[in-house]
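Novice: For reference, the chains in residue letters:
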Amino acid sequence: MTEQSLSRPETRKRRLPQINPVYVLVVALILAIIVMNPAFGEPTGYMNFLKRVAALAILSAGALYVIVSGGFDLSVGSIMTLTVIGSSMLASNDPNSTYWIIPLMLGIGLVIGLVNGLVVSYLKVPSLIATLGMMITLNGVAFMWSGGAPRGYLPDTFRFFGRYNITDVPLIGILPIAVICLVVFGATLWWGMHRTNFGRMLHAAGDNPQAARLAGVPVQRVRISAFVVSALTAVLAGIILGGRAGVSVNIGSGFELQAITAAVIGGAQLLGGRGSVPAAIAGALALEAIFTLLNLLGLAQPVRLVVQGLILIGAVAFATYQRKRAGR
Amino acid sequence: MTEISQNRAPRRFRFERHASTLLLLAAIALYVILLLALGQVRFLTLDNLVAILGRSITLGITAIGQTFAILVASIDLSVASVISAAAVVTSVMMNGDPAMMVPAIAAVLALGAAIGLVNGLVITKLEVNPLIATLGMSLIIQGVLSYYYNNFAGNVPVEFQIFAYGAWGIVPYSLLFMFALAGLAWFVLRFTRFGSDIYSVGGNKDAARLAGIKTARVVIGAHVICSLCAAIAGIYLASRLRSGAPWIGAEGVYDLESIAVVVIGGTVLAGGRGGIWGTMAGVIIFSLIDSIFNVAGVDAFVKQVLRGIIIVAAVAFYAARSQRPVA
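So the protein sequences, as listed, match chains D and B.
The numbering used here puts the first residue of the first sequence at 1, with every later residue one more than the last.
The numbering used here puts the first residue of the second sequence at 1, with every later residue one more than the last.
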């Protein structure tokens, strides 16, 4: 069976330009949404979609750093929760507090990422366990901080990034700040992953840590940096999400798996060595588009979980199949 | 990745073999010292010991299954969802009717076996990373479950609550059941062909395959056992809570805790080394830590923070000496 299917379709496929299937998927899903709901084709329709997806897209681009380095980061959802709850507790409705709260939160994110990275690199705890432990711990900290029920709300200066739209923009009408954030941070993360020495070392360390070490890559430091990047993007995503959705105690839960799913849809190879930031962002778009479609079809929230689980398994199985067919 | 772990010096094993016992003794010592220091000597009784053990039956039964999954160098992150699903199905099917006890238990066990079979097939035939396969499975189960139920559903008959509340003297049936299950697992691992295959596949899959072991079947078998144990844990939880809800598994963090307990018990995450009694020691250590928190009056949220730290620290305790980088 395999011999037959190997020779012919392969030669046919080779002629097509090599595009990551995720981009085709995104276009197809967006077209499907437009067919079902023509209002989506209007600027307000797709801009609101992009605004909704911004937090997840930035988060998946950050999570990709850890995935490419060969690990998992399951603590990002709880970092988002901590960011939102911590900010609302500290702000106490003072609009001027935003200017020190955001740097402080980024500092907390830096420390969390550093701890994750150090525990994984030096204590040799598998990243999945280390970051799951971090997730439990941080959720506990967020509960402790808020005493179980968050008080206060986020000032408008804080919510600016997630909620505000620039109106009267020529051509597209409205331009949410969240979309600008997505473009800026997405481009920065793309640059870091695909245009710097660090990005190359990240790929090398994830692909084959032994070989990378022998080639002079500071594997430990590179992997720690990946966890730091991931934690920092989680704080940014938390700020945007909190701005859009407001304060609640489990606002970030579930995002860790969505980020990994998005990266996997974008063709990232689990356990390291391969991944692209634009494709991970496209993966986030695809995931959110699927959720939007499910909503349009009138399917309840839990169906999302089922679909997400199927996609996660399906995407990894598909990638394994492809790699095996290509002879690894 | 796994190949490298083979050429370690055999001298190192000694520490790993006795570490769980040492940790257990340390936990007991800490507990006793704390009680003496606080003057709470009334807790130093046999009744209280049994009570401490009785609190971790769900974790214990789940961890027995998880030991099998980890021994074949796999892992199961779907156990928490399986526990929830099993508890809900148990209480909904029984719905207060004693006549439905046997069919409900049979259905739940079949469900558990089916989930384990799918996990095993996805991991071995589709070659999906076990973390992702079981994580995906967990999402699917959780989604289906919360699609139909969003609160406690059904209730179990009084006769069935004997499983959780009945006792032989001062020893609850459920505790006896857990140790009987552990004994059975020990027997399977120690004396059967399947048991030795599990160690071979976990130690070195390629070597096991070359030696003529059907590795896929062994991995699938281990996952079926793991999900079955989780299903049994769910049945027990339904009996104890008198009803099942779709979040009880996730709330108990049984996925992470069962893995942590197995690792504390000296079973190596890379597979092939470890055993059931270490896992049981790990379970007892965890319930002792819980009791220490209770006696010391630690706040619930602080407790959660400490638990997260302890789990990571416990894994680090074993992993820190390993030479190879981890995923």
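In case anyone wonders, no lab produced these hints; they're calculated from the structure.
Possibly wrong hints are sitting among the right ones.
Covered stretches of chain B, going by a simulated chain D footprint (3 or more residues, C-beta under 8 Å) [claimed, not checked]: (1) 61 to 70; (2) 311 to 319.
Which residues of chain B face chain D? A few of them, derived with a C-beta cut under 7 Å, are [what the hints assert, rightly or not]: (3) L126; (4) L131; (5) I132; (6) L139; (7) A153; (8) N155; (9) P157; (10) E159; (11) Q161; (12) I162; (13) F163; (14) L256; (15) G297; (16) V305.
The beta carbon of each residue, even a glycine, is placed where N, CA and C say it ideally should be.
Novice: Now tell me if each hint is right for this structure.
Specialist: Quick rundown of the hints versus the structure:
Three residues within the 8 Å Cβ limit are the bar, and the region 61 to 70 of chain B against chain D gives 0, so the coverage statement is violated. For a cut-off of 8 Å, the count of residues in the region 311 to 319 of chain B with a CB near a CB of chain D stands at 5, and the three-residue condition holds. Given hint, L126/B at the interface with chain D, holds; its Cβ is 4 Å from that chain's nearest Cβ, closer than 7 Å. Below 7 Å, beta-carbon pairs count as interface contacts, and L131/B has one with chain D at about 6 Å; its hint therefore holds.
Interface hint at I132/B: satisfied, since its Cβ lies 5 Å from the closest Cβ of chain D, which is below the 7 Å cut-off. Satisfaction of the interface hint for L139/B is found here, the shortest Cβ-Cβ separation to chain D being roughly 3 Å, below the 7 Å cut-off. The restraint placing A153/B at the interface with chain D is violated, with a minimum CB-CB distance near 14 Å, outside the 7 Å limit. A distance limit of 7 Å between C-beta atoms decides the matter here; for N155/B the minimum to chain D is near 23 Å, and the interface restraint is violated.
Against a cut-off of 7 Å between C-beta atoms, the interface hint on P157/B is violated, since the closest Cβ of chain D lies about 29 Å away. Because the beta carbon of E159/B sits about 33 Å from the nearest beta carbon in chain D, more than 7 Å, this interface hint is broken. Hint status for Q161/B: violated, given a least beta-carbon distance of 29 Å to chain D, over 7 Å. The interface hint given for I162/B is violated, since its Cβ lies 34 Å from the closest Cβ of chain D, which is over the 7 Å cut-off.
Annotation: F163/B was flagged as interfacial toward chain D, and the flag is violated, the nearest CB pair being 29 Å apart, outside 7 Å. Restraint check, L256/B versus chain D: the minimum CB separation of about 5 Å is within 7 Å; hint holds. Because the closest C-beta pair between G297/B and chain D is about 15 Å apart, greater than 7 Å, the hint is violated. The beta carbon of V305/B is positioned within 7 Å of a beta carbon in chain D (closest approach about 4 Å), and the interface hint is therefore held.
When the structure is compared with the earlier hints, violations turn up for hints 1, 7, 8, 9, 10, 11, 12, 13, 15 and for no others.
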